[in-house]
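Student: Here are the chains, one letter per residue:
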Amino acid sequence: MLVYTVRRVLGAIPVLLLASVLTFVLIDLSGDPLADLRVMQPPPDPEVIQLQSERLYLDRSMPERYWLWMTGVGGNGDIGLLQGKFGPSTQSATYDIGANIAERLGVTLRLVGAAMVFALGLAILTGVVSAMRQYSKLDYTLTFVGFLALAMPTFWFAGIVQQAGVSFNELVGTQFFATVGDGTYQAQGLSPWGRFTNALAYMTLPTIVLMLTSFASWSRYQRTSMLEVLNSDYVRLARAKGLPNRVVVRRHALRTALIPLTTVVAVGMAAIIDGTVLTERVFQWRGLGEFFIQAVTANDSFALMAWLMLSGTTVILANLIADLLYGVLDPRIRYE
Amino acid sequence: MSENRAPDTVRKTAADGVGGVERTQLQMITRRFLRHRPAMISLALLIVIVLFAFVGPYLWTWDHLVHREVPPSVPPNADHPLGTTTAGNDVLGQLMRGAQQTLKVAFTVSVLGTVVGSLWGATAGYYGGRVDSLMMRVVDVFMIVPLLVMVAAIAGSVRGGTTWWAVALIIAAFSWAQIARVVRGVVLSLREQEFVEAARAAGASPGWIIVRHLLPNAAGPIIVAATLLVAVAILLEAGMSFLSFGIQLPDISLGQMIGDARTAASTRPWLFYPPGVLLVIICLTINFIGDGLRDALDPRQTMERR
Chain A
204 MLVYTVRRVL
214 GAIPVLLLAS
224 VLTFVLIDLS
234 GDPLADLRVM
244 QPPPDPEVIQ
254 LQSERLYLDR
264 SMPERYWLWM
274 TGVGGNGDIG
284 LLQGKFGPST
294 QSATYDIGAN
304 IAERLGVTLR
314 LVGAAMVFAL
324 GLAILTGVVS
334 AMRQYSKLDY
344 TLTFVGFLAL
354 AMPTFWFAGI
364 VQQAGVSFNE
374 LVGTQFFATV
384 GDGTYQAQGL
394 SPWGRFTNAL
404 AYMTLPTIVL
414 MLTSFASWSR
424 YQRTSMLEVL
434 NSDYVRLARA
444 KGLPNRVVVR
454 RHALRTALIP
464 LTTVVAVGMA
474 AIIDGTVLTE
484 RVFQWRGLGE
494 FFIQAVTAND
504 SFALMAWLML
514 SGTTVILANL
524 IADLLYGVLD
534 PRIRYE
Chain B
-17 MSENRAPDTV
-7 RKTAADGVGG
3 VERTQLQMIT
13 RRFLRHRPAM
23 ISLALLIVIV
33 LFAFVGPYLW
43 TWDHLVHREV
53 PPSVPPNADH
63 PLGTTTAGND
73 VLGQLMRGAQ
83 QTLKVAFTVS
93 VLGTVVGSLW
103 GATAGYYGGR
113 VDSLMMRVVD
123 VFMIVPLLVM
133 VAAIAGSVRG
143 GTTWWAVALI
153 IAAFSWAQIA
163 RVVRGVVLSL
173 REQEFVEAAR
183 AAGASPGWII
193 VRHLLPNAAG
203 PIIVAATLLV
213 AVAILLEAGM
223 SFLSFGIQLP
233 DISLGQMIGD
243 ARTAASTRPW
253 LFYPPGVLLV
263 IICLTINFIG
273 DGLRDALDPR
283 QTMERR
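Protein chains in written order, with our numbering: chain A, 204 to 539; chain B, -17 to 288.
Note that these hints are calculated values from the structure, not bench results.
One or more of the hints may lead you astray.
[To be verified] Between beta-carbon pairs, the in silico distance windows are:
1. Val242(A) with Pro198(B): 49 to 55 angstroms
2. Pro58(B) with Ala367(A): 19 to 25 angstroms
3. Tyr40(B) with Ala296(A): 52 to 58 angstroms
4. Ala183(B) with Arg211(A): 54 to 60 angstroms
5. Arg211(A) with Gly202(B): 32 to 38 angstroms
The beta carbon of each residue, even a glycine, is placed where N, CA and C say it ideally should be.
In isolation and in its complexed conformation, chain A is listed as follows (with noise of 0.2 angstroms):
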């Protein structure tokens, strides 16, 4: 087992290496930092270029600017991945890409973890129910919502739940929802009681629509798993043995089922970076997501490649953990 984690973790390696060339040499080769710069008018000295340019490293080769922004080496210092620092910024002079990332990790991650335990917690749930209960009205109700979730744009069901709080808010005569912002700024000074009714104020809304496009997948793979599970042999065993069937299903089945789970729920990370993007862009989050909308604008490529990077390194994490996992969940799986 040691030794399978060990070459399981090295054999993340190149993968992480392709992926940051891949991003180093698509974001280099789409846009160009000093767009902006260029264009504007009245048109800037070419000496202010000229030392742009220099800032940013786009005086050197592109190979050489790769070897700068992941080792460091021969850099002004405020480059290099290895050593923990991200490269120059095109918004100004004094913006720290890596400070600017750990400020808002916290505002996203809240967001992340909230959506992921509900959609896990309740896919599982609709995933069992529709299984044991296949081809009933409730199931062919499940199978349509799932559908339906998979079809809708994320931001569109986000406006609509946004529209919902107002109106509940409306009609009750509350402020209960607050449809704006992620609340970190009315959090402070807070008693916990206050603290946790804030969270549950700015979060409810956004969590409902980020997890709704990984719930229905989710929900679709535990039915089928359950299913699977359900009509195998040792089930029937269980039954024959005269067992409960509340014993059968939770004790026997449901244990199995769950398993080949981790691996969707991994793969499923990609889905939910790119629900987070649209998510705080609608309900105006300042979390990672706003993070990378502006870069993109601002054409920050060392930025947009450090989100990118990151993003990568947590769905390569996810994966990974996922098959270590699966490993020790699934006995019948032997590394030796």
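Given chain A, work out where chain B should sit, using these hints.
Tutor: Same frame as chain A, now just chain B:
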């Protein structure tokens, strides 16, 4: 129908013995698909939407652009059945154009992604070994990329406006990996079969074997994956446009319409709901058609998605 092919005659007599009618593979698939009610309803609906998007603009008075004759911000009425925008666009005209651009992008992505993905996957599967593991590593990287974020980053960096085919190209460049994975899986099992060995023995080149022998035999899974890719592309394009990194004004797409109307959901609901509903219906129909095709082409597979 052919006297010199023994298996056919045998099958015919066997079928006659139980009073059945002989059907070719294609007929059987068509029959199964035609009997798949959700898929058939979806297909009819999709044809209507395609007509709406591509023929509609020729029949309707207003296009998607701003016109001085269009009164701004008017709710649905007789002259403008879906109302107008604040700038003075007819929403019905926008909806037709938006659906058209969305569908053009989606179908282009599906074709490009399928061609690239199938060739990539088939090559990896056919050669196996080192080539396979190297090529599939690349696929792995593309599979873990958050698609929307990636295409938005690229499209947003390209300055000077992105046209619909540029958007399609960018989306296709990142969404072929799923197809490659599916095709490789099929080809891995196909390449061990006798007809491939026979072709090789007859001196066929690897390229010929891949294109003429392996890919046609993988057609079923490829068609299904290509259909589902259409839905993926539609949602990606919509997301890009919503973040305003997709098709640029004055051209319009459904995602962009939703993005523009985002803050107007309560005050001018006629701007917000129609493009979203249309988008959902298009995606739903395509997903149902994909399911119908899967059931028709490969009855052993279940309703399992992806």
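Student: Each hint: holds or not?
Tutor: Here's how the hints hold up against the structure:
1. Val242(A) with Pro198(B): 49 to 55 angstroms: For Val242(A) and Pro198(B) the Cβ distance comes to about 51 angstroms; the hint holds.
2. Pro58(B) with Ala367(A): 19 to 25 angstroms: Taking Cβ atoms as reference, Pro58(B) and Ala367(A) lie about 22 angstroms apart, which means the hint holds.
3. Tyr40(B) with Ala296(A): 52 to 58 angstroms: 54 angstroms, holds
4. Ala183(B) with Arg211(A): 54 to 60 angstroms: 40 angstroms, violated
5. Arg211(A) with Gly202(B): 32 to 38 angstroms: 34 angstroms, holds
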